[in-house]
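Please work from the sequences and hints to get the whole structure.
Top line first, the protein sequences correspond to chains A and B. Position 143, counted from 1, in the first sequence is what our numbering calls 143; the numbers after and before it change by one each time, with no gaps. Position 212, counted from 1, in the second sequence is what our numbering calls 212; the numbers after and before it change by one each time, with no gaps.
Calculated directly from the structure, the hints in this document are not laboratory data. In this text, all values refer to a predicted model and were calculated from it rather than measured experimentally. For glycine and all other residues, C-beta sits at the position ideal for the given N, C-alpha and C. The reader is advised that the hints may include incorrect statements.
Claimed, not checked - What follows is a set of in silico ranges between Cβ atoms, one per label pair, in the way DEER data are often shown:
{"no.": "1", "chain 1": "A", "residue 1": "54", "chain 2": "B", "residue 2": "130", "range": "48 to 58 angstroms"}
{"no.": "2", "chain 1": "B", "residue 1": "225", "chain 2": "A", "residue 2": "251", "range": "35 to 45 angstroms"}
{"no.": "3", "chain 1": "A", "residue 1": "100", "chain 2": "B", "residue 2": "167", "range": "47 to 57 angstroms"}
{"no.": "4", "chain 1": "B", "residue 1": "137", "chain 2": "A", "residue 2": "5", "range": "24 to 34 angstroms"}
{"no.": "5", "chain 1": "B", "residue 1": "257", "chain 2": "A", "residue 2": "251", "range": "54 to 64 angstroms"}
{"no.": "6", "chain 1": "A", "residue 1": "75", "chain 2": "B", "residue 2": "259", "range": "50 to 60 angstroms"}
{"no.": "7", "chain 1": "A", "residue 1": "79", "chain 2": "B", "residue 2": "130", "range": "46 to 56 angstroms"}
{"no.": "8", "chain 1": "A", "residue 1": "112", "chain 2": "B", "residue 2": "138", "range": "28 to 38 angstroms"}
As a plain string of letters, each chain reads:
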Amino acid sequence: MPARHPVRLYQIGLLIVALSAWESLVSLGVVDEFFFPRPSAILLRVVDWLIKGEVYRHLTITLTETLLAFVLGTGLGIGMGFWLGLVPLARVVLDPYIKAFNAIPRIILAPIFTLWFGLGILSKVVLGTTLVFFLAFFNTYEGIREVNPMVLANARMLGAEWHHLLRHVYLPSAAGWILSSLRTSIGFAVVGAVVGEFLGAAAGIGYLIAQAEGVFDSTGVFAGMGLLVFFVLILDMVVSQVEQRLLVWRPAPLMEEQA
Amino acid sequence: MTPSAQTAVDLQDVTMRFGNYVALDQVALRIQEGEFVAIVGPTGCGKSTLLNIMAGLLSPSAGRVYIFGQALQGLNRQAGYLFQQDALLPWKTATDNVGAGLLFRGMSLSQSRERARVWLEKVGLQGFEQHYPHQLSGGMKKRVSLAQTLILNPRLLLMDEPFSALDIQTRQLMENELLRLWQEEAKSVCFITHDLEEAIALADRVIVFSAGPAAHPIGDFPIPLARPRDVAEVRLTETFLEIYREIWSILRGEVLKSYAR
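Printed below as a string of structure tokens:
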């Protein structure tokens, strides 16, 4: 499919069309510049930030929070997923608690976390971690439960000990589930960091956006968002590279062969 | 009854219940060392359950299981098991699948790969070392499974309709291959199938099971066909047909019973 269609070209084309339409609608006065700043103005603002250099500090803080939340959340989630997936007693005992915690809309916890952990980096990391944790946990858990019992029995008959099963059967079997959750997790980690900053912080992209919003500077809000999107896309690319490297053994989806 | 070490498998009064359902009822069965035994019976007669008991994957509700004179506890470490369905590790290449058992037994990765390549060649899969299971055909996957099991040199080979999913040509090829490998180093084999022709063509002895529930052996037939055999040709001999008619007269009733349920 990619050979026949220059997909990248289409994607860039779509972006240019959308942005030009936006730009011209503003120029023609169809939409109000106060609410919808011109893409060119947003771009200029981002460039201005990058030249002045103050934004790097904010960016560093937000990315640090994101990565910490991502690593902690997935780490804990995967660990917990394995534990509950493999130990029936833990599963039975903890099941209602997991369900209860998952039922809480965790964004609501953001002000509480700010109260508990202060205005610094910690409250954002905790918020992001709780968001990421459940995603990683449920996916890992499901991946463990989905292990083909025939493959498991075969590995046991071939003499696999407990740690062999973990390394050669459970982990690779759950890997597909875990990896597909990682990409969504990155988004959740960013949400945790930015919402946390938005509600109370002294630095970070969320803080920057909140500041801009405070003075009705919609260009600043969009510029902050744009910057964030750019970095999330980069993180996403890194994760999907890792995914492809680790899942070479999977059959290609049939769709691609038909196209 | 004293279990002897010359008896590869000795089942005594083995009963298996799943809840209220009695799958196997007081099964007594012996497989001598180096003997190729085929078990036939209608579908759903608990043949796989029986094999899982011999493998130690299931423990019977009642009765005793001796493997080479030893009471079986936990998994049967002397046995290799060839499953009916595809049971290869999908995330490992053909080489690493074949070498997996050696790796589990503490051999180094490079050494296990070296041995695995030899076995892949033995089953005619040179050139496919780096292929993943999904890139192999059904017959090739079976060859990998066979190599994966035989590389560990098990004294007892348990086979659960291993070739039932293959087309007839591939199947006869695999059957001949199995006989060749079996004759190289005489192992005890318990081969489960619902195909009477396959059972007669391969085995030294065919045991017929009754239809479930409460399945048990109802016939035990020695197969006096000369070895080495070619599974395709042996089917055309007069002796084969005679044996076939004799066993089928018993099996037929059980198959009809299993349909009636």
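Each hint, compared with the structure:
{"no.": "1", "hint": "A:54 to B:130: 48 to 58 angstroms", "verdict": "53 angstroms, holds"}
{"no.": "2", "hint": "B:225 to A:251: 35 to 45 angstroms", "verdict": "42 angstroms, holds"}
{"no.": "3", "hint": "A:100 to B:167: 47 to 57 angstroms", "verdict": "54 angstroms, holds"}
{"no.": "4", "hint": "B:137 to A:5: 24 to 34 angstroms", "verdict": "32 angstroms, holds"}
{"no.": "5", "hint": "B:257 to A:251: 54 to 64 angstroms", "verdict": "41 angstroms, violated"}
{"no.": "6", "hint": "A:75 to B:259: 50 to 60 angstroms", "verdict": "56 angstroms, holds"}
{"no.": "7", "hint": "A:79 to B:130: 46 to 56 angstroms", "verdict": "33 angstroms, violated"}
{"no.": "8", "hint": "A:112 to B:138: 28 to 38 angstroms", "verdict": "57 angstroms, violated"}
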